[in-house]
Amino acid sequence: MAAATRTAPRAREIFTTLEYGPAPESHACALAWLDTQDRHLGHYVNGKWLKPERRNSVPCQDPITGENLASCLQAQAEDVAAAVEAARTALENWSTLPGARRAQHLTRLAKMIQKHQRLLWTLESLVTGRAVREVRDRDVPLAQQLLQYHAVQAHTQEEALAGWEPMGVIGLIVPPTFSFLEMMWRICPALAVGCTVVVLVPPASPAPLLLAQLAGELGSFPGILNMISGPTSLGPVLASQPGVQKVAFCGAVEEGRTLRRTLAGQGLELSLALGAESLLLLTEAADVDSAVEGVVDATWSDRSQGGLRLLIQESVWDETMTRLQARMGRLRVGRGLDGAVDMGARGAAARDLAQRYVHEAQSQGAQVFQAGDVPSDSPFYPPTLISDLPPASPCAQTEVPWPLVVASPFRTAKEALAVANGTPRGGSASVWSERLGQALELGYRLRMGIVWINAHGLRDPAVPTGGCKESGSSWHGGPDGLYEYLRPSGTPARQPSLSENLNYDTFGLAVPSTLPAGPETGPSSAPPYGLFVGGRFQAPGARSSRPIQDSHGNLHGYVAEGGAKDIRGAVEAAHQAAPGWVGQSPGARAALLGALAAALERRESALAARLERHGVELKVAKAEVELSVRRLRAWGARAQAQGHTLQVAELRGPVLRLREPLGVLAIVCPDEWPLLAFVSLLAPALAHGNTVVLVPSGTCPIPALEVCQDVATLLPAGLVNVVTGDRDHLTRCLALHQDVQALWYFGSVQGSQFVEWASAGNLKPVWVNRGLPRAWDQDAEGAGPELGLRAAQTKALWLPMGD
Amino acid sequence: MGVPIFITAVTNCCWIGADNCVILGILGTDLSWISKVQVNHPAVLRRAQQVQARRTVKKEWQAAWLLKAVTFIDLTTLSGDDTSSNVQRLCYKAKYPIREDLLKALNMHDKDITTAAVCVYPARVCDAVRALKAAGCNIPVASVATGFPAGQTHLKTRLEEIRLAVEDGATEIDVVINRSLVLTGQWEALYDEIRQFRKACGEAHLKTILATGELGSLTNVYKASMIAMMAGSDFIKTSTGKETVNATFPVAIVMLRAIRDFFWKTGNKIGFKPAGGIRSAKDALAWLSLIKEELGDEWLKPELFRIGASTLLSDIERQIYHHVTGRYAAYHDLPMS
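Protein chains in written order, with my numbering: chain A, 1 to 803; chain B, 1 to 337.
Certain hints may be false.
Said to hold, decoys possible - Counterexamples of contact, computed for chain A against chain B with all Cβ distances above 12 Å:
#1 T16
#2 P22
#3 D287
#4 G294
#5 S301
#6 R323
#7 N454
#8 L646
#9 G653
As the list claims (entries may be wrong) - To spell it out: a stretch of chain A is covered by chain B in this simulated footprint if at least three of its residues, at any positions, have a beta carbon under 8 Å from a beta carbon of chain B; those stretches are:
#10 345-359
#11 749-757
Claimed, not checked - Below, in silico cross-link-like pairs of lysine to aspartate or glutamate (DMTMM-like), each with a Cα-Cα straight-line distance of 25 Å or less:
#12 B:K301 to B:D110
#13 B:K58 to A:E13
#14 B:K292 to A:E319
These are computed hints drawn from the structure, not numbers from a lab.
All figures in this text were calculated on a predicted structure; none of them were measured in a lab.
For each residue, glycine too, the CB sits at the ideal point set by N, CA and C.
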């Protein structure tokens, strides 16, 4: 037949220029879905849409055209309460189901997403402005994989996670810049282990609401996933609802800090995932072209929410900058729903943030390279490369926003480590080097949650993702993601223990004076115990001692009155001892713990006698010593089995799940079980490679100090430091210390609250008992896996292979 | 968007030869160009996956791009049963690759769209030259040579093969390299051989086939590409089409990066020719956007980019038919090649 004409007038022109044309992805189905809601979105609670009246609403706009797509309700406190109530009701059934049933439900949800994936990706791309390719080819498949992976975990839960139970209702707070996938990373493990979830999504983000609707339309278990749309400021309201056991927050560092302070003493767990900046370390032994693609993956492909700090070895600086700038020239910025763009728009807030950073950097003398001409009034922001930013400038300290890359040179791998580890951030990093030894050295020594070798931004449901330092120490994915929503069986549920009138400014600030405490008996007065710091007993800075009484009220002895300066010295000593101890093999650590156990055994009668003076029956005292000896040996052996290799579907090569020491761990021991609790806490901490600063029992510190006499001869100096004195004061000093990496506190309700509040400073992970006693003589509480989990941090090291 | 181009002056080599052909006088220290190279295999694989998913062209753009792709094709027949009749048919198809009425519908009939060349075995060069002359066009004839496809013959006969093909009228010679020299790391020997090919070609263009499926690693692909360019190739070509692994994206990315590095070092643009396994119009579009992304628009012309293919053309014609008419073509709607 003759060719009927549907002529293309521009074909001639394109034939010459070979330019890219628009490749729009139809978003008709997204609009049709919004129409089913009359362009008016509410909350999704208990399997139904909830659209209460008399609420403010905010418009949901296309970030590129500014067109109004729908209006979204802003929640008020009562809506949050309704959602939590629904989640509580659903919890009764959901948490007691066999794991296999939950697995089935999660699999059904994965299928449901598969059926409606086009709707999901067009809606997400339309509203967030992100490149549709990234949502379609990565986020949506990953969301399904997450559900499937966690379905498998639910299936094996009874067997693999015996001794743990679901926490209860989980509150999840997601900030506006994060994609629905960040929510899935947290929802999936929570649902899998039997928790139910209330998500506070930012207003004007319909994709999470759609997901909730898809889950709701499965019919059964409607209340397990509830969405409330409202501002982050409703977070404390969500947290204060009775029944909420844990709040998981991801977002900006300062918001996380504020939330940490607000929720202190509320009796719930808080996990934080903060900041979005990433790091890329490019050595001279790298495949530079591939590393440049790594930079694109990290910032300029709509994959991550944050910017990138780029460290380049000086010898390849020029070459890298040339290639980077050439590559930037080929990036395409445009409407997210176009199939051929690399970067979409992220809304006015993100653009203004980037703009401000660039202006500030320029004013501080930095060089700025931007590819392409993006008019300043357009919704887009071009890929931006900043160099020559003086390291001491204020700008260099703040987090790099999307879509910026801040490049700076380094001379040696050692210097690169110092620079990379010298920031408060500990999220993710990649190392580019073809030299295996160098790459592994850098990968192991970077203090980051995730390290990729010769790749950037890979994710998999089986690999834990998280961070350390101020990036928050929460994890999702892999085994670590499951433990975030579990607690040891039998843990008492949340009890509000908030003391409204606790004054954070004065708690433990002043030390009550110690006065002579009655007549000294015996032929010669006993010399006071010193502080055990840096491997020897020292006199306290305050040069005063506090009397310790036995159970009859008689004077038992004097211990040193430690203060802020002594804590400072102890933390310093612990830091000095850390590299040596971390470098020891687990076997060597176990041997030393074994030696300490043997020494304790030899000292048994003396220790038992000390305990007896504090009103413990001799038989019980002996048992306490014996049990302490066993704990030391057991932890030495347990810490040998650490970390493992993970298999990842799409990656050739392993991912190592490393368990690394936290650093300097401060432990405030409980008053009860003065020897056993001290040893039970000390042993896992040491076995996992931490160095410790301990505050022993306040009423009976002497057994702990006796143990230190053996520590002095057996363990390296500074590894264990014991400071006696006023517990509140010492707790204050430790909790506010910025260079203490973690804190365990067993003491009063007020102390726990203060510790939680003060931990916001360096966002150290804390473990507090909220005034509740613990059965240290029972293995479940005194030596359970929980201690091992808390005594180390995870790191995922990706090692792609191939030649 | 402007691409900054940095050209480093090369001081230790002298330039001989005309137009696109570069001959480096001294190799010596230039081995440093390949000694430090690092190619990370998994990272290149990821890039290869991405580059295919990140660009797409639709509607008029697709039609125009496909017509452009036609002008890059080295229309090829390399079979044991080639005779003058099917070579003649191939040559005619090279001259009229797309049905005239389809081109008219696109207002492209006066653009003189032909394939870039016709590629045959040395023994068929005469047939091709005669057929093209009869068709009244000056499409170049390319001949494979040097013991194609394995290259396992004596150097003397390999060089003679080039001379004979040139005598017969081939203006482009696709030579295969001696893979054993790559696998044993004899880079200077490889350089010398290709230099001799270059001399034997005379005025004809030299396209060097690296047979990347047999080089063992991507690092070797990069090194062989660089040596081939230093020795004066006008094009570097992925494969013969006879190996088990042919033109793949990862290999192409490495070769294109080598071409770019060579350009940045010397200021000379060397062409690139993927061959083998490129069958669908969609593949062709992906290859075009790969060149555009890695090297830029200036490489998108027949002097610097070719696609070695035999069945690709008919699929492109089918897509053009669909674009123009809105219908899918029957087998008999399009003339065979």
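Check the non-interface label on A:S301: least C-beta distance to chain B beyond 12 Å or not. Label violated. Min Cβ-Cβ 8 Å, cutoff 12 Å.
Please settle this one: A:L646 was flagged as non-interface, so is its CB more than 12 Å from every CB on chain B? holds, 17 Å
Check the hint pairing B:K301 with B:D110 against an upper bound of 25 Å on the C-alpha distance. holds, 18 Å
Take the C-alpha atoms of B:K58 and A:E13, compute the straight-line distance between them, and say whether it is at most 25 Å. holds, 15 Å
Annotated coverage of the region 749-757 of chain A by chain B, confirmed only when three residues or more have a Cβ within 8 Å: violated (count 0)
May I ask you to check that A:G653 keeps its beta-carbon over 12 Å from the closest beta-carbon of chain B? violated, 7 Å
Is it correct that the beta-carbon of A:N454 has no partner in chain B closer than or equal to 12 Å? violated, 5 Å
Evaluate the condition: distance from the CB of A:P22 to the nearest CB of chain B exceeds 12 Å. violated, 8 Å
Are 3 or more residues of the region 345-359 of chain A near chain B, judged by a Cβ distance of less than 8 Å? violated (count 0)
Any Cβ of chain B at or closer than 12 Å to A:G294, or is the non-interface label fine? For A:G294, whose nearest Cβ neighbour in chain B is about 7 Å away, the distance does not exceed 12 Å, so it is violated.
Would you assess whether A:R323, listed as outside the interface, keeps its beta-carbon beyond 12 Å of every beta-carbon in chain B? Given that some Cβ of chain B is not farther than 12 Å from that of A:R323, nearest at about 9 Å, it is violated.
Given the hinted pair B:K292 and A:E319, is their Cα-Cα distance within 25 Å? Between B:K292 and A:E319 the Cα gap is close to 21 Å, so the pair holds against 25 Å.
Against the hints set out earlier in the document, violations occur for numbers 1, 2, 3, 4, 5, 6, 7, 9, 10 and 11.
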